[in-house]
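Order-wise, the sequence lines are chains S and H. Residue numbers for the first sequence follow the working numbering, so the first one is 1 and each next one is one higher. Residue numbers for the second sequence follow the working numbering, so the first one is 1 and each next one is one higher.
None of these hints come from the bench; they were simulated from the model. Take the hints with a grain of salt, since some may be wrong.
[What the hints assert, rightly or not] Here are the simulated distance ranges between beta carbons:
(1) R76/H x L295/S: 47 to 55 Å
(2) L42/H x I199/S: 42 to 50 Å
(3) P92/H x T248/S: 24 to 32 Å
(4) T148/S x A49/H: 14 to 22 Å
(5) A36/H x E259/S: 31 to 39 Å
(6) V44/H x A85/S: 49 to 57 Å
[Unchecked claim] Derived DSBU-like pairs: lysine-lysine, alpha-carbon spacing no greater than 35 Å straight-line:
(7) K34/H x K99/H
(8) K244/S x K195/S
(9) K99/H x K250/S
(10) K52/H x K195/S
(11) K250/S x K34/H
(12) K33/S x K99/H
(13) K99/H x K262/S
(14) K197/S x K52/H
(15) K91/H x K33/S
(16) K197/S x K33/S
(17) K191/S x K34/H
(18) K99/H x K195/S
(19) K52/H x K250/S
(20) K191/S x K164/S
(21) K33/S x K34/H
(22) K262/S x K164/S
(23) K191/S x K52/H
[Claimed, not checked] Examples of chain H residues toward chain S, derived with CB under 7 Å:
(24) P29
(25) S30
(26) Y54
(27) F59
(28) P61
(29) A64
(30) D68
(31) G84
(32) E88
The structure displayed is predicted, hence computed values, not measured ones. Using N, Cα and C, we set each Cβ at its ideal position, and we do this for glycine too.
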Amino acid sequence: MARLTIPAEEYMRSGHSACPGCAATLVMRYVLKGLGPNAIVTLPACCWTVIGTPFPTTALNVPILDCAFEATGASVSGLRAAADALGLADVIVVGFAGDGGTADIGLQALSGMLERGTDALYVMYDNEAYMNTGVQRSGATPLGAWTTTTPVDATSRGKGEGKKDVMAIVAAHRPAYAATVNVAFPEDFLKRVEKTKTIRGPKFLHAFSPCPPGWRYPPEKTIAIGRLATDTNSFPLYEIEGGKYRITRKLGRARPVAEYLKAQGRFSHLTDAEIAAIQSEVDGRWARLLALETLG
Amino acid sequence: MSPHGHDAHKATAYITEQDLPERPLATVPSDVIKTASWRTFLPVIHLEACTKCYVCWKFCPDVAIGIDEAGWPVVRLDYCKGCGICAEECKPRAIDMVKE
Ligand SMILES: Cc1ncc(C[n+]2csc(CCOP(=O)(O)OP(=O)(O)O)c2C)c(N)n1
Ligand code: SF4
Ligand code: SF4
Numbered sequence: 001m002a003r004l005t006i007p008a009e010e011y012m013r014s015g016h017s018a019c020p021g022c023a024a025t026l027v028m029r030y031v032l033k034g035l036g037p038n039a040i041v042t043l044p045a046c047c048w049t050v051i052g053t054p055f056p057t058t059a060l061n062v063p064i065l066d067c068a069f070e071a072t073g074a075s076v077s078g079l080r081a082a083a084d085a086l087g088l089a090d091v092i093v094v095g096f097a098g099d100g101g102t103a104d105i106g107l108q109a110l111s112g113m114l115e116r117g118t119d120a121l122y123v124m125y126d127n128e129a130y131m132n133t134g135v136q137r138s139g140a141t142p143l144g145a146w147t148t149t150t151p152v153d154a155t156s157r158g159k160g161e162g163k164k165d166v167m168a169i170v171a172a173h174r175p176a177y178a179a180t181v182n183v184a185f186p187e188d189f190l191k192r193v194e195k196t197k198t199i200r201g202p203k204f205l206h207a208f209s210p211c212p213p214g215w216r217y218p219p220e221k222t223i224a225i226g227r228l229a230t231d232t233n234s235f236p237l238y239e240i241e242g243g244k245y246r247i248t249r250k251l252g253r254a255r256p257v258a259e260y261l262k263a264q265g266r267f268s269h270l271t272d273a274e275i276a277a278i279q280s281e282v283d284g285r286w287a288r289l290l291a292l293e294t295l296g
Numbered sequence: 001m002s003p004h005g006h007d008a009h010k011a012t013a014y015i016t017e018q019d020l021p022e023r024p025l026a027t028v029p030s031d032v033i034k035t036a037s038w039r040t041f042l043p044v045i046h047l048e049a050c051t052k053c054y055v056c057w058k059f060c061p062d063v064a065i066g067i068d069e070a071g072w073p074v075v076r077l078d079y080c081k082g083c084g085i086c087a088e089e090c091k092p093r094a095i096d097m098v099k100e
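Construct the entire structure; sequences and hints are all you get.
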């Protein structure tokens, strides 16, 4: 029989309506492979509601609850309380939301869930904009990126602000566990998901989720671009367990961030000087992460 | 007290589908929807070059690569959207994208 490097069981079905090459599907596919059949997913408005639940169909073999856009964290705590009231101890509650639904409109609900100490997993799939409604900038859109609300024209050079550090916001709540994961590294991704099953309390995964139409690149490049994001230190892979930082993929030497930026149409307007500014921002974040890891 | 009043939970345990308030429930598996018509290019796997590494299976966003009894990857033609990830990621370059 086949030697597979990630679990064979599928909990996400074919026939869903994601764009060709969409990484948000792989985030869900890998999360559920790791969690197994006892997961129950609460999903706010985002691409995934459209991907997975065109009525009357469902793309998951586990239950999905549609919640309001801003309410994922509250919905997670409610589901956990209901499962506990019914004595369903095996149920794994999963909140699954986009970056807009997490970093912006759902931030308060997420904070509440983390602060209450709800025993559940929250996954933010980060496609770095409000994709479902047509590529509007979010707090998680990176510096310089073109979106429909941060155009490239005589008065604008893409997004003028930097990316909100959601992991730092989550870490400030001292959750039981938090980690970054990337669809380009499925084995590492599965290790992080499987670890969440062994830890009680609030757990958070920040999942990197390239989006071909929103980032303006051909769909076959989704994995290559994901790999470049981590290999240039733009999206480092690390975990925070009991307050301790550990980098889970460390490179001898990172590749220049220009390789990552130049692979995507949303950054195609950037000048060498603008790319250099992004490089120094990436270097600064990486140095800070190394320092956090040394703190132990 | 109305069934949705603030103390309704004391009387009601939602155990079975019948106990739930009226709601839209989606129960049809998504694979009744065939997505083959989304495709312009079709992946063709050349088994003589395939090393059975299953990278194509692992990275397919549409769960459109199966594995047959002999362990060979098989494209599930009803669902493949032709994104090209499998061909791009296949190290021995055993997959070609062919215009349909
Ligand atoms: C309260 C509310 N405001 C606005 C919307 C419209 N809306 C639906 S999905 C969406 C974008 C979601 O963006 P994000 O959370 O980043 O997920 P993505 O679509 O990128 O996967 C918006 C604005 C809504 N459904 N509810
Ligand atoms: S817009 Fe982007 S995130 Fe949304 S379904 Fe399409 S590829 Fe996926
Ligand atoms: S082309 Fe895309 S959808 Fe089709 S089998 Fe390959 S990875 Fe899957």
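Here is how each hint holds up against the structure:
no., hint, verdict
1, R76/H x L295/S: 47 to 55 Å, "49 Å, holds"
2, L42/H x I199/S: 42 to 50 Å, "43 Å, holds"
3, P92/H x T248/S: 24 to 32 Å, "28 Å, holds"
4, T148/S x A49/H: 14 to 22 Å, "42 Å, violated"
5, A36/H x E259/S: 31 to 39 Å, "35 Å, holds"
6, V44/H x A85/S: 49 to 57 Å, "54 Å, holds"
7, K34/H x K99/H, "19 Å, holds"
8, K244/S x K195/S, "15 Å, holds"
9, K99/H x K250/S, "40 Å, violated"
10, K52/H x K195/S, "28 Å, holds"
11, K250/S x K34/H, "41 Å, violated"
12, K33/S x K99/H, "33 Å, holds"
13, K99/H x K262/S, "27 Å, holds"
14, K197/S x K52/H, "30 Å, holds"
15, K91/H x K33/S, "24 Å, holds"
16, K197/S x K33/S, "12 Å, holds"
17, K191/S x K34/H, "32 Å, holds"
18, K99/H x K195/S, "43 Å, violated"
19, K52/H x K250/S, "28 Å, holds"
20, K191/S x K164/S, "26 Å, holds"
21, K33/S x K34/H, "23 Å, holds"
22, K262/S x K164/S, "22 Å, holds"
23, K191/S x K52/H, "23 Å, holds"
24, P29, "6 Å, holds"
25, S30, "4 Å, holds"
26, Y54, "6 Å, holds"
27, F59, "5 Å, holds"
28, P61, "4 Å, holds"
29, A64, "6 Å, holds"
30, D68, "10 Å, violated"
31, G84, "3 Å, holds"
32, E88, "4 Å, holds"
Figure legend: structure checked against the earlier numbered hints; hints not met, in rising order: 4, 9, 11, 18 and 30.
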